[in-house]
Amino acid sequence: MEQKPSFDFDTVIDRQNTTSEKWDRYAGRDILPLWVADMDFRSPPAVIEALLERVEHGVFGYSGPPKELVETVVTMLQREYGWSVRSEWLVWLPGLVCGLNVTCRAVGEPGDAVATFTPVYPPFLSAPNLAGRELVSVPLACEGEIWRMDLAALERAITPRTRLLLLCSPHNPVGRVWTREEQLALAELAERHDLVVCSDEIHAGLVLDEDKRHIPYAALSPEIARRTITLHAPSKTYNIPGLGCSLAVIPDNSIRRSFRRAMAGIVPHVNLLGYTAALAAYRDAEAWRQALLAYLRENRDLVVRAIAGMPGLKTWPMEATYLAWIDARGLGVDDPAGFFERAGVGLSDGVPFGAPGFVRLNFGCSRSLLIAALDRMQQAVTHNRNGG
43 MEQKPSFDFD TVIDRQNTTS EKWDRYAGRD ILPLWVADMD FRSPPAVIEA
93 LLERVEHGVF GYSGPPKELV ETVVTMLQRE YGWSVRSEWL VWLPGLVCGL
143 NVTCRAVGEP GDAVATFTPV YPPFLSAPNL AGRELVSVPL ACEGEIWRMD
193 LAALERAITP RTRLLLLCSP HNPVGRVWTR EEQLALAELA ERHDLVVCSD
243 EIHAGLVLDE DKRHIPYAAL SPEIARRTIT LHAPSKTYNI PGLGCSLAVI
293 PDNSIRRSFR RAMAGIVPHV NLLGYTAALA AYRDAEAWRQ ALLAYLRENR
343 DLVVRAIAGM PGLKTWPMEA TYLAWIDARG LGVDDPAGFF ERAGVGLSDG
393 VPFGAPGFVR LNFGCSRSLL IAALDRMQQA VTHNRNGG
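Residue numbers for the sequence shown follow the working numbering, beginning at 43 and rising by one.
Hints in this document: simulated from the structure, not taken from any laboratory. Where hints are given, some of them may not hold.
Stated by the list, open to error - Here are the simulated lysine-lysine pairs, DSBU-like style, with alpha carbons at most 35 Å apart:
id : residue 1 : residue 2
1  : K356      : K64
2  : K109      : K64
3  : K254      : K356
4  : K109      : K254
5  : K109      : K356
Taking the hints into account, I'd like the entire structure generated from these sequences.
See the structure below:
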């Protein structure tokens, strides 16, 4: 019987003094950082080995996407999602945020409007204005234990100048895996209003619920694909965001030309180590990814149980990602992120997501660190409730 490889997610790796954005924010202070979407785990062994081999070569000149990487991505999208993609549809980018900003410049004209659902990853809210577009934000509807797209509210908010919709799928921060039916309903609205949809699918490989499956928006039909830009990257799934390798999948020739024009002379090429890591991740790290998902499921369940026992806080089941969205308005404090920082836990403030009173917790870390952080949160909440 073949023995499954084992991977170590429990060992705490010291990231201090490594110019880590996540850990340097609280340098010199006893604050556990659970904020930016950056896991504390070592990247897959296959990725590390591939990087060591490439570094050993010793020449770091200009580089394009390896043919094998292009083939691997096309194969992966077909295998994982049943999505048939042509290699010429791929546009390589040094980051997904860059892709959001290029998209806002590539679709429509200055003065047009870009719609999105909130709360959402902050660059969704900043990219339209940076491109000279108007932002149209539509709150997601929270129905009991589930967040949903409010399509009626979206339809009311769309203006004659709305040209683009930014979709986060799976959704950061609420953790939803949008169903086929939800996305088809959105696609019908987008076609009726002649909207291009940009679907950020960076968390596609991090679906935690075993009974759910990520469905790429563009894979719904060839007609839907023709008005879609899909953004993808290995960075979140395999913990290689610092290596800067992302891609856009753009089936329509005209939209792809506009996208490339918006990139021209501004967007740098992906660096060769980014390509190296992406290839090794997609090609050789599936066993690691499955082990990661099992570990994250247990971390998620731990967070859900712990938050349920903290009066004034509410969270929702996270179907995907390693991020917990927490409603802290019941605490009765003006600044919940600052409140938890003072308690020794660094969380993302909900304000940049379009949701004051909320915080986001990153549980992509060793269980011992997560337990320590949750204990600090519990003590702070209890002290607050008792009038401390």
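Against the structure, the hints come out as follows:
no.	hint	result
1	K356 with K64	holds (25 Å)
2	K109 with K64	holds (34 Å)
3	K254 with K356	holds (23 Å)
4	K109 with K254	holds (32 Å)
5	K109 with K356	violated (47 Å)
The earlier numbered hint that this structure contradicts is number 5, and it is the only one.
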